[in-house]
Amino acid sequence: MQGIRMSLRSLLFKSRAEREMDQELSFHIEMQTALNVRKGMSQEQARTEALREFGGVEKFKEQCREAHGGRRLEQLLQDLRFGVRMLLKQPGYSALVVLILALGIGANTAIFSVVNGVLLRPLPYPQEDRLVVLRQSAALTGQEDVGVSPVEMADYRARSRALADLVEHHNMSFTLLDRGEPRRVRTGVVSWSFFDVLGVKPILGRTFRPEDEKPGAEPVLILSHEYWQSQGADPKVVGRAMEMNDKTHTVIGVLPPVPRYPTEDEVYMPTTACPARSGEHARTMRDARMLTAFGRLRSGIPLAQGRADLAAVFGQLRADHPEDYPTAEGFQAALLPLREELVREARPKLLILLGTVGLVLLIVCANVANLALARLLHRQRELALRTALGAGRGRIARQLLTESALLALAGGAAGLLLSIPALRLLTAFAARFTPRAYEIGVDGTVLLFTVAVSLFTGLLAGMAPAFSRQDPTAMLKEGGDRGTAGGRSLRTRNLLIVFQLAASFMLLIGAGLTLRSFWELGQVDPGFRPERVTTAGLHLDWNRYDTEERRWVVLDDLLRRVKAHPGVISVALGSAYPLDGESTPWTNELLVEGHPPRPGEAAAPVDLRIASTDYFNTLGIPILEGRVFTDADHADALPVAVVNRSLAHRFWGDRSPIGQRISLDGGENWRTVVGMVGDVKQYGLDSKAADEIYRPFAQYAIGGGNLLVRSDLPPVTIEKLVRDSMRAIDPEQPVDGVRTLEEARAESLAPSRLTTTLLGVFAVLALVITAAGIAGILAFSVSQRTHEIGIRMALGAVPGDVRFMILRQAAMLVIPGLALGMAGALVLTRVLSSLLFGVEPTDPVTFVAVSLLLLGVAAVACFVPARRATEIHPMIALRSM
1 MQGIRMSLRS
11 LLFKSRAERE
21 MDQELSFHIE
31 MQTALNVRKG
41 MSQEQARTEA
51 LREFGGVEKF
61 KEQCREAHGG
71 RRLEQLLQDL
81 RFGVRMLLKQ
91 PGYSALVVLI
101 LALGIGANTA
111 IFSVVNGVLL
121 RPLPYPQEDR
131 LVVLRQSAAL
141 TGQEDVGVSP
151 VEMADYRARS
161 RALADLVEHH
171 NMSFTLLDRG
181 EPRRVRTGVV
191 SWSFFDVLGV
201 KPILGRTFRP
211 EDEKPGAEPV
221 LILSHEYWQS
231 QGADPKVVGR
241 AMEMNDKTHT
251 VIGVLPPVPR
261 YPTEDEVYMP
271 TTACPARSGE
281 HARTMRDARM
291 LTAFGRLRSG
301 IPLAQGRADL
311 AAVFGQLRAD
321 HPEDYPTAEG
331 FQAALLPLRE
341 ELVREARPKL
351 LILLGTVGLV
361 LLIVCANVAN
371 LALARLLHRQ
381 RELALRTALG
391 AGRGRIARQL
401 LTESALLALA
411 GGAAGLLLSI
421 PALRLLTAFA
431 ARFTPRAYEI
441 GVDGTVLLFT
451 VAVSLFTGLL
461 AGMAPAFSRQ
471 DPTAMLKEGG
481 DRGTAGGRSL
491 RTRNLLIVFQ
501 LAASFMLLIG
511 AGLTLRSFWE
521 LGQVDPGFRP
531 ERVTTAGLHL
541 DWNRYDTEER
551 RWVVLDDLLR
561 RVKAHPGVIS
571 VALGSAYPLD
581 GESTPWTNEL
591 LVEGHPPRPG
601 EAAAPVDLRI
611 ASTDYFNTLG
621 IPILEGRVFT
631 DADHADALPV
641 AVVNRSLAHR
651 FWGDRSPIGQ
661 RISLDGGENW
671 RTVVGMVGDV
681 KQYGLDSKAA
691 DEIYRPFAQY
701 AIGGGNLLVR
711 SDLPPVTIEK
721 LVRDSMRAID
731 PEQPVDGVRT
741 LEEARAESLA
751 PSRLTTTLLG
761 VFAVLALVIT
771 AAGIAGILAF
781 SVSQRTHEIG
791 IRMALGAVPG
801 DVRFMILRQA
811 AMLVIPGLAL
821 GMAGALVLTR
831 VLSSLLFGVE
841 PTDPVTFVAV
851 SLLLLGVAAV
861 ACFVPARRAT
871 EIHPMIALRS
881 M
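Using the numbering used here, the first residue of the sequence shown is number 1, and each one after it goes up by one.
Hints are not guaranteed to be accurate.
What the hints assert, rightly or not - Restraint-style ranges between C-beta atoms, simulated for each label pair:
1) Asp196 <-> Leu354: 33 to 43 Å
2) Ser299 <-> Asp730: 45 to 55 Å
3) Gly567 <-> Arg424: 34 to 44 Å
4) Gly199 <-> Leu351: 26 to 36 Å
5) Arg727 <-> Lys236: 28 to 38 Å
6) Pro256 <-> Ala164: 20 to 30 Å
7) Ser278 <-> Arg424: 39 to 49 Å
8) Ala164 <-> Ile420: 37 to 47 Å
9) Phe456 <-> Gln231: 42 to 52 Å
Simulated from the structure, these hints should not be mistaken for lab results. The model shown is predicted, which means the values in this text are computed figures rather than measured ones. Where a beta carbon is used, it is the ideal one built from N, C-alpha and C, also for glycine.
Kindly generate the complete structure, drawing on both the sequences and the hints.
Next comes the structure, spelled out in structure tokens:
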């Protein structure tokens with residue numbers, strides 16, 4: 001600190017410091033002179049001897065300035081001022097470099113903002129490293145998360161010694177009436193201490209208390225921050241009454257903006273307020289696994305110890321209840337860090353994008369270094385003159401690095417501005433994979449990253465020109481040999497171009513593979529016809545429509561009203577619709593008559609779907625064998641089912657499934673298979689078709705689902721028709737989620753589309769910069785070889801020969817670049833395998849296409865310099881020698 005203060009004092013109060021130094025030197029000289037006089041010297045001799053003994057005064061001053069540090073700061077300021085003047089003298093060069101740097105640094109800043117907000121920033125919870133998710137899975141049946149039942153929650157709470165608390169969450173949708181039209185809200189059903197375990201404090205009101213979860217307690221709600229804002233952000237909302245499920249609920253609190261996991265709920269209620277959670281089956285049956293369990297490790301308990309404790313508890317449960325944890329299903333229980341779970345899907349994609357923009361930044365550095373080397377040749381005489389006047393190599397290098405750093409900082413500032421609008425696209429991209437997307441933004445960490453990247457880029461791009469060798473004697477000669485002086489510079493520029501080509505090839509391969517993957521995904525047959533089909537969500541009140549008969553009367557009435565409208569081709573009801581990104585599988589264990597499970601073998605899990613009579617016709621699902629549901633399949637008729645081809649092949653092979661009997665409740669009730677339909681990609685075009693069973697809506701009228709309307713009418717007309725029809729039946733029942741199935745299909749492709757777009761943008765950016773670099777170095781080469789080309793043409797060389805010479809020089813750059821890029825791509829594309837569908841990381845078509853594209857771009861980049869070479873007149877070239 002003392003040295004810094006002295007340096008600043010010498011810099012800010014330079015005149016005063018110089019006066020004090022002169023006074024101090026004069027004092028020492030006078031003292032030495034007086035001492036020499038006492039030795040018998042004359043006054044003049046004594047002063048001369050004092051000056052001789054003291055040494056050079058100016059040299060001593062320089063040593064003092066160096067000791068105080070002021071000289072270094074002064075030189076730095078001089079370098080900065082001189083650098084600014086030099087860059088302003090060449091505004092075209094400076095603007096081009098700043099633009100290139102802005103693109104590279106801006107891309108890195110934007111991606112780092114996402115990585116920082118999603119992967120690096122701590123969760124907004126106190127002691128977030130102790131928060132865990134308890135997950136049960138059935139590995140041998142392919143179920144990564146089978147949920148946890150309330151009975152199991154009680155066992156884990158009672159037996160675990162590592163968890164300070166364990167809380168539950170599950171999601172339901174309920175109809176909410178609040179000063180307006182009824183709307184369906186996603187409701188998180190949670191333990192009373194759920195927010196206490198997470199450490200979330202409300203911004204308004206309070207969270208749940210133990211008495212809120214007691215049976216018969218007054219119904220209460222907590223609003224999420226997002227829902228509260230969407231409804232007007234009323235600061236007096238606490239205490240407001242809202243009607244839900246024919247019960248009046250009181251708002252007791254509003255949450256802050258925190259990640260909503262595992263589902264983005266709008267409101268929250270205690271467990272006892274949920275009809276499904278408080279039912280007898282959920283409370284008493286161990287297999288009623290409908291919950292997600294969150295916990296907090298006790299203080300001082302590491303995650304490894306917590307996992308060992310859970311393994312011991314799960315082992316006890318499996319020993320006590322072997323029938324509920326069949327070995328054949330591979331039941332397991334695990335503790336997972338909450339932070340890792342929140343970003344599990346987003347991490348690989350973001351790291352791939354971060355690596356991609358890192359390559360772009362290196363390409364930018366190489367291109368800027370090339371531009372700086374070209375500019376250096378125009379400054380050779382200036383730099384050689386400074387060297388001849390005493391400036392050392394370090395001093396020259398420092399000046400050039402200072403100019404490079406100034407350009408990089410300007411490019412960083414411009415890149416930061418460019419990154420802000422790009423964050424909107426990136427936030428939407430990240431939101432598809434993690435609930436932490438709302439935390440993305442430009443903060444102090446991002447600003448520091450931008451400054452650090454800018455300085456790093458400036459130093460990296462400035463190293464080649466700063467440490468290139470100059471021969472001051474040769475360059476000071478009038479008409480010095482510029483071709484010789486630029487020889488080493490040209491070789492360096494060639495190497496940088498080869499690197500740019502290799503890096504661009506790797507980026508183009510990545511973009512090409514994801515583009516091919518996206519194309520393949522778009523060609524997948526979803527198993528249904530989404531054209532002209534509109535869907536709307538229907539959810540009947542649980543309390544008002546508490547029997548299947550009452551529910552079916554309302555739903556059947558709605559079907560008839562909509563179907564009677566002119567322009568409607570067909571209408572149906574389904575428990576869900578294909579490619580609904582928010583629906584979760586409704587699985588059941590299937591028993592097939594005549595095929596009982598072997599000892600120790602679990603019943604087969606299958607997807608269950610509820611469908612009305614026109615469901616398959618409306619969606620355009622092909623009927624492969626037998627029939628589908630008709631009006632004759634009412635509640636009192638023989639229980640029937642329709643299976644898809646995947647399930648039929650699994651259990652009956654090549655035999656017909658028609659007439660076979662199956663059970664979904666362990667053999668208590670049996671239903672007859674009457675038809676087989678085609679497979680449908682329910683959960684994504686890149687997913688395998690699940691084994692599915694369809695039941696008639698009339699025989700199992702659930703309280704909600706989706707209305708599906710095939711019509712030539714516009715979607716907005718269909719929406720109004722459905723809302724008006726439902727309002728005529730029951731004005732308090734909401735209709736939500738209106739969309740077309742074509743929109744659903746496009747939405748299912750959105751993550752792949754965004755990934756492909758981002759990689760494509762970065763690859764094109766790298767390609768443009770590389771092409772500009774190739775054109776620049778060839779143009780430079782032509783200018784350096786003007787005399788040689790003139791002599792060749794004077795001796796009879798034809799333009800074709802000159803063009804061939806220039807193109808051969810380009811080939812010496814392109815071919816090694818392609819070779820290095822191909823070797824790197826074969827290694828790096830393995831990382832992309834998790835993002836690809838229907839294409840191998842070493843896809844030969846992509847490699848050939850990218851190679852041809854890069855060769856074509858290189859040929860175009862070579863065209864202008866090659867043509868310019870043929871336009872050189874021999875006499876002009878010889879006259880300029």
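Handout entry: Numbers of the earlier hints that this structure fails to satisfy, in rising order
Key = none
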